[in-house]
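What follows is the residue order along each chain.
Number of protein chains: 2
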Amino acid sequence: MATLVMQALGCDVAAVNTVQYSNHLGYRQAKGPKTKAEEISEIYAGLQQSYLTDFDVLLSGYAPSAEAVQAVGAIARDLKLQASTKAGSFFWGKGKADDTIVLDPVMGDDGRLYVNENVVPVYKSLLKDADLILPNQFELELLSGVQITSIETLVEAISKLHKEHRIPHIIVTSVHFAEFPSTVSVFGSTARSDLSPRLFKIQVPSIDCYFAGTGDMFAALTVVRLREAITNAGLTERRRWISPDDVPCTDLPLASATERVLGSMHSVLTKTKEARDEELEKMSGPLGALDKEKDSEKRLHLRRTKAAEVRIVRCLKYLRDPEVDYKAVAVDLSEDPSADVEELTEDLAAAT
Amino acid sequence: MATLVMQALGCDVAAVNTVQYSNHLGYRQAKGPKTKAEEISEIYAGLQQSYLTDFDVLLSGYAPSAEAVQAVGAIARDLKLQASTKAGSFFWGKGKADDTIVLDPVMGDDGRLYVNENVVPVYKSLLKDADLILPNQFELELLSGVQITSIETLVEAISKLHKEHRIPHIIVTSVHFAEFPSTVSVFGSTARSDLSPRLFKIQVPSIDCYFAGTGDMFAALTVVRLREAITNAGLTERRRWISPDDVPCTDLPLASATERVLGSMHSVLTKTKEARDEELEKMSGPLGALDKEKDSEKRLHLRRTKAAEVRIVRCLKYLRDPEVDYKAVAVDLSEDPSADVEELTEDLAAAT
Numbered sequence: 001m002a003t004l005v006m007q008a009l010g011c012d013v014a015a016v017n018t019v020q021y022s023n024h025l026g027y028r029q030a031k032g033p034k035t036k037a038e039e040i041s042e043i044y045a046g047l048q049q050s051y052l053t054d055f056d057v058l059l060s061g062y063a064p065s066a067e068a069v070q071a072v073g074a075i076a077r078d079l080k081l082q083a084s085t086k087a088g089s090f091f092w093g094k095g096k097a098d099d100t101i102v103l104d105p106v107m108g109d110d111g112r113l114y115v116n117e118n119v120v121p122v123y124k125s126l127l128k129d130a131d132l133i134l135p136n137q138f139e140l141e142l143l144s145g146v147q148i149t150s151i152e153t154l155v156e157a158i159s160k161l162h163k164e165h166r167i168p169h170i171i172v173t174s175v176h177f178a179e180f181p182s183t184v185s186v187f188g189s190t191a192r193s194d195l196s197p198r199l200f201k202i203q204v205p206s207i208d209c210y211f212a213g214t215g216d217m218f219a220a221l222t223v224v225r226l227r228e229a230i231t232n233a234g235l236t237e238r239r240r241w242i243s244p245d246d247v248p249c250t251d252l253p254l255a256s257a258t259e260r261v262l263g264s265m266h267s268v269l270t271k272t273k274e275a276r277d278e279e280l281e282k283m284s285g286p287l288g289a290l291d292k293e294k295d296s297e298k299r300l301h302l303r304r305t306k307a308a309e310v311r312i313v314r315c316l317k318y319l320r321d322p323e324v325d326y327k328a329v330a331v332d333l334s335e336d337p338s339a340d341v342e343e344l345t346e347d348l349a350a351a352t
Numbered sequence: 001m002a003t004l005v006m007q008a009l010g011c012d013v014a015a016v017n018t019v020q021y022s023n024h025l026g027y028r029q030a031k032g033p034k035t036k037a038e039e040i041s042e043i044y045a046g047l048q049q050s051y052l053t054d055f056d057v058l059l060s061g062y063a064p065s066a067e068a069v070q071a072v073g074a075i076a077r078d079l080k081l082q083a084s085t086k087a088g089s090f091f092w093g094k095g096k097a098d099d100t101i102v103l104d105p106v107m108g109d110d111g112r113l114y115v116n117e118n119v120v121p122v123y124k125s126l127l128k129d130a131d132l133i134l135p136n137q138f139e140l141e142l143l144s145g146v147q148i149t150s151i152e153t154l155v156e157a158i159s160k161l162h163k164e165h166r167i168p169h170i171i172v173t174s175v176h177f178a179e180f181p182s183t184v185s186v187f188g189s190t191a192r193s194d195l196s197p198r199l200f201k202i203q204v205p206s207i208d209c210y211f212a213g214t215g216d217m218f219a220a221l222t223v224v225r226l227r228e229a230i231t232n233a234g235l236t237e238r239r240r241w242i243s244p245d246d247v248p249c250t251d252l253p254l255a256s257a258t259e260r261v262l263g264s265m266h267s268v269l270t271k272t273k274e275a276r277d278e279e280l281e282k283m284s285g286p287l288g289a290l291d292k293e294k295d296s297e298k299r300l301h302l303r304r305t306k307a308a309e310v311r312i313v314r315c316l317k318y319l320r321d322p323e324v325d326y327k328a329v330a331v332d333l334s335e336d337p338s339a340d341v342e343e344l345t346e347d348l349a350a351a352t
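These protein sequences, in sequence, are chains E and C. With the UniProt record's numbering applied, the first sequence covers 1 to 352. With the UniProt record's numbering applied, the second sequence covers 1 to 352.
Chain E on its own, in the form it takes in the complex (with noise of 0.2 Å):
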């Protein structure tokens, strides 16, 4: 998903795939190799010695162990030794974490959520690194320790990203509040020099369906439209493209490549829900059949993940001229923080 989303919108792309597998977690089944650690750092030890490695952004997403989790940031950092003497010309996106840090909810049972200890404190080893994350909702909790349950504990959370850490570039993919389930915020934040958050929201329609390989398409298509609005901005010499202090936050480079992003995001997702209703529609004959089948529950359950499958390479043309734009919008946080709620809620019951 990331790799082709990234050459849609014409960047050359070294892969390295941390896995092999025959498919996605989401059918709660899968075969097929993962990458060892070592085999990581070979490859990158090939481009190495062919002097292939002069990179202008890497983005890492989902690996297979914690040993596999430090080999890329081993690559990281070293790339970004690279490029230490020249600032802005490396950087580095976190994509998002969900497969590495947390089993997929889908496996586990009941719902719940599987942290794998293992790989948290290796993975927050790495984040003084990282020059963009892009955690959901769960990640954000995990790597800051505060609950999110208002716009209050969303802006503490990121603060203490942006001054622990010293991460400058945040957007938490999917803040979902109960109240209004029809609609999700996406929230980003370039840090200001004293490390204060610069946060904006964007508002979108929420589509319901799970679909597989959206965080790795979100992340994909922010690097590259992140690189595109620095460039548009004359910052590709700033240390991590932070832009300086008087730069409000909606008008953050950030800020314009989350809006261009939600705009591929929403005609891909739009169009990839009508087509697996119109396969839903088509299969419900069979299925009636199947029904009575042994293990009918879990062919089902394949079947309509598989009709749920992205339709990303009918739709490049909506990564490539993003139709809707979302506005990004201030969150003021010198104003009372329960006053932002109000302000908040107001704009999800418009929008809803």
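Calculated from the structure, these hints are not laboratory results. Heads up, a few of these hints could be off.
Label-pair distances were calculated between CB atoms; the ranges are [what the hints assert, rightly or not]:
1. C:Lys271 / E:Gln82: 52 to 62 Å
2. E:Glu279 / C:Lys317: 27 to 37 Å
3. C:Gln48 / E:Arg314: 55 to 65 Å
4. C:Gly145 / E:Thr85: 54 to 64 Å
5. E:Asp251 / C:Lys317: 25 to 35 Å
The structure presented is a predicted model; accordingly, all values stated were derived computationally and were not measured. The beta-carbon is built from N, C-alpha and C at its ideal position, and this holds for glycine as well.
Let chain E serve as the given structure and place chain C on it in line with the hints.
Just chain C now, with coordinates in the frame of chain E:
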């Protein structure tokens, strides 16, 4: 290369990576793991258990060992069997076998070709199940046992493969006759029901540079364009997509597919050559200094190889919408073969 090309043309691809090298072998060095034969089989078993094997087309390419070639062959046979009740519903294109049968010429010393004797018989044993093969001139010689020195011997080799292995579709991807270095001919044939060839040829200007991955690009474009042409011709339910005997060679879906493929290839490689020449130009300064360094020849080769990387991600539009159109012409076997050679000689001279 093959995965991206097919995705850019709108195909959902389940890619099984038979190796995960840091770079292609044109660099004369690479690191990274080979996928074991049993891992290839395991990935396929994973697709099977989740009912994800409803493929229209299999495109196979390089495999790193005789066992891996066999594992790919077993997948192809299983998919054929699964589709056997529904003619035309599955098609196997065997991509260029270059790297499987023959170590890349640049890897051997003094330009000799090294044949992996271990792989050739395995590869040959799979030919009977392939619907399309795309050998180059050297591979055609190896597979047919006929040395290609003329149109006559070329026709002999293709006829032999149609007859002996019952391969319905053959494209010989690049035929060079020493007298005409600036032109490359592509020959193709779809067998008639008596297994006689229906041969067409398409001449394209040759681009004087070695580009890695063009065999995979050609094969990937061809299977997609062939399926499109077969669909347009209403032949999707024909066994092995074989056109009726009364279809002349230049009206074959294989011919119109190849025309479009060569149009795309020519644009992508022309753009690549331009970009490469610019890179080499820019390089001329630093390379002067480099020349005096130890290992300068190797370093020079690495930089030149990188400069010649196919500019595929910026050229996806030429894959989707080929701009130029090379036309297939008949190679008439009923005529005096020497006359045909003369005719081609004139064509080639005109093209030059």
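Now for the hints, and whether the structure bears them out:
1. C:Lys271 / E:Gln82: 52 to 62 Å: Since lysine 271 (chain C) and glutamine 82 (chain E) have Cβ atoms about 29 Å apart, the given range 52 to 62 Å is violated.
2. E:Glu279 / C:Lys317: 27 to 37 Å: holds, 30 Å
3. C:Gln48 / E:Arg314: 55 to 65 Å: violated, 25 Å
4. C:Gly145 / E:Thr85: 54 to 64 Å: holds, 59 Å
5. E:Asp251 / C:Lys317: 25 to 35 Å: holds, 33 Å
Hints 1 and 3 from the list above are not met by this structure, while the remaining hints are.
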